[in-house]
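**Q** Single-letter residue listing:
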Amino acid sequence: MTSSEEGLRAVDVSLDYGGGTLPLEALSSVSLHVRPGEFLTIVGPSGCGKTSLLRLLAGLLAPSAGFILMRERSVDRPSKEIGIIFQQATLFPWFTVAGNVEFALRSQVADKASRRRRALDLLDSVGLREFTGAWPFELSGGMAQRLTLARAVAPQPKVLLLDEPFSALDAISRSEMHCVLLDIWSQRQISVLLVTHDLDEAVTLADRVLIMSHRPGSIAAEVAIDLPRPRIQDGVRTAGFEKVRNEVAGLATDLYRASRPAPVTNRHNPVA
Amino acid sequence: MARRSSIRWQRLALPAVSIALFFSLLEIAGRVGLYETSLVPLPSSVARAMEWLVRGPFFADLSATARRIATGYVVGASLGIILGLATGLLSRVRNLLEPVVQLGRPIPAVALVPLALAWFGIGELAKASIVAWACFFPVWINTHSGVGRVPAELLWTSAVLGANRGRTVLQVVIPWASSFIFVGLRTSLGLAFAAVVVAEMSGASSGLGYRILASHYAFRVDEMLASIIAIGALGALTDLLFRATARHVVPWLGHDEGVHVR
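As given, the protein sequences belong to chains F and C, one line each in that order.
Those letters in the first sequence? Residues 8 to 279, per my numbering, in order.
Those letters in the second sequence? Residues 29 to 290, per my numbering, in order.
None of these hints come from the bench; they were simulated from the model.
Even glycine gets a Cβ: it sits at the ideal position worked out from N, Cα and C.
It is possible that part of the hints are untrue.
Claimed, not checked - Below, computed lysine to any residue pairings styled on SDA-like, alpha-carbon distance capped at 25 Å:
1) K119(F) - F102(F)
2) K119(F) - E137(F)
3) K87(F) - T196(C)
4) K87(F) - P179(C)
5) K87(F) - P203(C)
6) K119(F) - T196(C)
7) K87(F) - L183(C)
What the hints assert, rightly or not - What the simulated footprint calls covered on chain C by chain F, stretch by stretch (three residues with Cβ under 8 Å from a Cβ of chain F suffice, anywhere in the stretch; the number is not a length):
8) 43–50
9) 176–182
Stated by the list, open to error - Distance windows between CB atoms, simulated:
10) A246(F) - R36(C): 54 to 64 Å
11) E137(F) - L118(C): 39 to 49 Å
12) I179(F) - P279(C): 29 to 39 Å
13) R36(C) - E137(F): 54 to 64 Å
14) Q196(F) - G194(C): 28 to 38 Å
15) R39(C) - I179(F): 51 to 61 Å
16) G194(C) - Q194(F): 27 to 37 Å
17) Q194(F) - G263(C): 50 to 60 Å
18) L40(C) - E137(F): 45 to 55 Å
19) S182(F) - A44(C): 46 to 56 Å
20) A272(C) - F144(F): 35 to 45 Å
21) I47(C) - D177(F): 46 to 56 Å
22) G194(C) - D177(F): 34 to 44 Å
23) R136(F) - P279(C): 38 to 48 Å
Given these sequences and hints, build the entire structure.
**A** Next up, the structure:
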């Protein structure tokens, strides 16, 4: 298998939201390739279809045109190979911390005791070992996200998709989460595709940053981030970070501006 | 620790104080002639009547009422959960049954009392079926809408984590709907009391509802109030029991204001 056939790909994918009050094109001819072991981030203005794109890649939505391929096989339903973490909280409040992870292990580990052992190992890796028996509502926002992460990698996905998972966290918890995520990514050798509107986050984490345009969303530019890792040490960005970040920010600003839709005049507004 | 026990003490003591204060004021007001004691008897004479009831037919009435509530509630609520799951989860069943169920929903249990008497006579079946009717609808509608409103992200997460449809229903949909189901169950419990009293007031020879009416004909307001208070106490006790059960069955809802299990 050549490298272009491996990993998760979107090929000329478009998505129309028809039937509603305003039928609209959410995504227009998007192509991307998440290579094995790669950390990819997508940035884009709000409403550009980032979330829709992730749902397509996870097999939760069907594209109006184009294909989603995982190792050259069509993705038309959710599978354990492609994990996804949503913006919304999705922990199961009726399971304990360990129970949430065990849920995700159920289909591959039949034996209850070894399932518990695996769950504890996973909780250990995100620093939640002492909270095994706690209920999700007892966790802080950062702890809940670490649990979500541990649960998402439990079925051993090849690709992990994340939809702005850290946007609700404070700055300290967020950089803590970056470290946890980078650990998981490097230890498990999975591919990660993270969607964010935070350019700092994108540049801190990614091998490549894809910049999306306004609706209908499409990939407008791609920037490879060649900064050596780790890019944060003791909470401080390493040399060269600012320069790359500013390049990406400049490019993103230009692209957002160029693709911004014309303002809609409001007939019903007497002031306008 | 000291603070927690003082909170517990307050939670027990303050209601007791407020109840005692209320009845003391009522007793004093009656004795100084602020109201007509043949219509609103003194708390002390209600207590005497209660004593009489406890010695007399009271326990027979209480147990008859409790039995009717229990039978009707178990039958009505179980049917509500089963049908709610069926109409909520399976579109075929929903299309088949929802119109019929919606047709029955606005009919209050009270309206069915004469019909139940005509069909089932004055026996236990008539009373239990009226209670069951009253209990069914809140449980059904809450279960039905609960299972239908699971956020898409939860269902997707379940699928991505490798759960098949059966496991998703058992471990995601039903637990998610349980807060709705418990709201329905608790609403029904209140309605069961209303329904049983109405049922016992028409065509019964025992039960607290019957006793209220019998006391009315005998113009024994004290006995009447004693029975009314007994219903209130039975209701409060049942709700306490309900919350204690809920705490064990759905412990994760402990912080959820909607169900008030704490």
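**Q** Name the hints, by number, that the structure is in violation of.
**A** 8, 13, 15, 18, 20, 23
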